[in-house]
Amino acid sequence: KNQVEQSPQSLIILEGKNCTLQCNYTVSPFSNLRWYKQDTGRGPVSLTIMTFSENTKSNGRYTATLDADTKQSSLHITASQLSDSASYICVVGGGNTPLVFGKGTRLSVIA
Amino acid sequence: GAGVSQSPSNKVTEKGKDVELRCDPISGHTALYWYRQSLGQGLEFLIYFQGNSAPDKSGLPSDRFSAERTGGSVSTLTIQRTQQEDSAVYLCASRRMGQREETQYFGPGTRLLVL
Numbered sequence: 001k002n003q004v005e006q007s008p009q010s011l012i013i014l015e016g017k018n019c020t021l022q023c024n025y026t027v028s029p030f031s032n033l034r035w036y037k038q039d040t041g042r043g044p045v046s047l048t049i050m051t052f053s054e055n056t057k058s059n060g061r062y063t064a065t066l067d068a069d070t071k072q073s074s075l076h077i078t079a080s081q082l083s084d085s086a087s088y089i090c091v092v093g094g095g096n097t098p099l100v101f102g103k104g105t106r107l108s109v110i111a
Numbered sequence: 001g002a003g004v005s006q007s008p009s010n011k012v013t014e015k016g017k018d019v020e021l022r023c024d025p026i027s028g029h030t031a032l033y034w035y036r037q038s039l040g041q042g043l044e045f046l047i048y049f050q051g052n053s054a055p056d057k058s059g060l061p062s063d064r065f066s067a068e069r070t071g072g073s074v075s076t077l078t079i080q081r082t083q084q085e086d087s088a089v090y091l092c093a094s095r096r097m098g099q100r101e102e103t104q105y106f107g108p109g110t111r112l113l114v115l
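From first to last, the protein sequence lines stand for chains A and B. The numbering of the first sequence is the numbering used here, which starts it at 1 and goes up by one. The numbering of the second sequence is the numbering used here, which starts it at 1 and goes up by one.
Source of the hints: derived by calculation from the structure; they are not laboratory data. A few of these clues could be false.
To be verified - Across the chosen pairs, the derived CB separations fall in these ranges: (1) B:41 with A:61: 47 to 55 Å; (2) A:11 with B:12: 31 to 39 Å; (3) A:9 with B:113: 22 to 30 Å.
Unchecked claim - Computed footprint of chain B on chain A, listed as stretches where at least three residues anywhere in the stretch have a Cβ under 8 Å from a Cβ of chain B: (4) 39-49; (5) 98-110.
Glycine included, every Cβ here is placed at the ideal spot set by N, Cα and C.
All chains, please: the whole structure from these sequences, using the hints.
In C-alpha cells, the structure reads:
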C-alpha cells in the first residue's frame, strides 16, 4: 500500500534553533517528493520538490534531502523563526497516479 | 495573477442538506484537484480534472460526492445528503501542465461543518 509516514507528529523548538523533520515513504512507482508548508487556516504552499536523481534541494532556510534507496527524506530548518510555526507535509508523487500525502508534522516555534 | 480561490471559506450545514463548494483555479492551469483534509489526517485525494479528459474520480468516498468543471476553469464540488463525517476542510489545487513535476498550487480551503 502506498503510504507516507512523517515524524515527529509534533515538535516545539525555541526561536533560532534548528530542527529536522522526517519522511518515510513506500510509494511505488516513485516520481518525485515534495515538502509543503501549511499555515493554520491556509492551503499548503510548496517548499521544495525533488525527483529521483536529486539528493538535496534548498529554499532559503529550508533544506530537503532525499535518499531514494532507503525511501527517506528530511526537511531541515535552520535558524527557526516564529513564522516557521506551521504544519509541514511530505508528499510523494508516482507519475500519473494521485499524490500521496503524509499527515504532516506540526511545528511550533516559541520565543 | 491571483492564486487559487475557494468559496465559501466556511460552511455550516445540517445533516442531510446538500452543499456546493466552489474553486476558481489559477488562470491557464488546466489541471484541477479536490482534496479533503480531516482533523489530524493527511490530505485525501478526491477527484482530478485535466483539460477535456474524463476526470479521475477514484478518490470520491461515496456517490453522494460529485464534481464538475465547467469550461475548463471553475469547478464545483457537491456533497449531497451531508453526514457528520463529511466535516473537514476541502482543498482545491490547480497545476499548469507541461512539465511532469509541476507544482500544485492550493487554495485556502472551505471548512465544512455538518451538524
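Handout entry: chain B over the region 98-110 of chain A, status - at least 3 residues with CB closer than 8 Å
Key = Holds: 6 residues of the region 98-110 of chain A have a Cβ under 8 Å from chain B.
Handout entry: Coverage claim, chain B over the region 39-49 of chain A, checked by counting residues with Cβ within 8 Å (three needed)
Key = Answer holds; 7 residues pass the 8 Å Cβ test.
Exercise for the section: Could you say whether the range 22 to 30 Å given as a hint is met by the Cβ separation of residue 9 of chain A and residue 113 of chain B? Expected result: 24 Å, holds
Exercise for the section: With 31 to 39 Å as the target window, see if residue 11 of chain A and residue 12 of chain B comply at their CB atoms. Expected result: For residue 11 of chain A and residue 12 of chain B the Cβ distance comes to about 32 Å; the hint holds.
Problem - Whether the CB-CB distance between residue 41 of chain B and residue 61 of chain A falls inside 47 to 55 Å - result: 28 Å, violated
Checked against the numbered hints given earlier, the structure breaks only hint 1 and satisfies all the rest.
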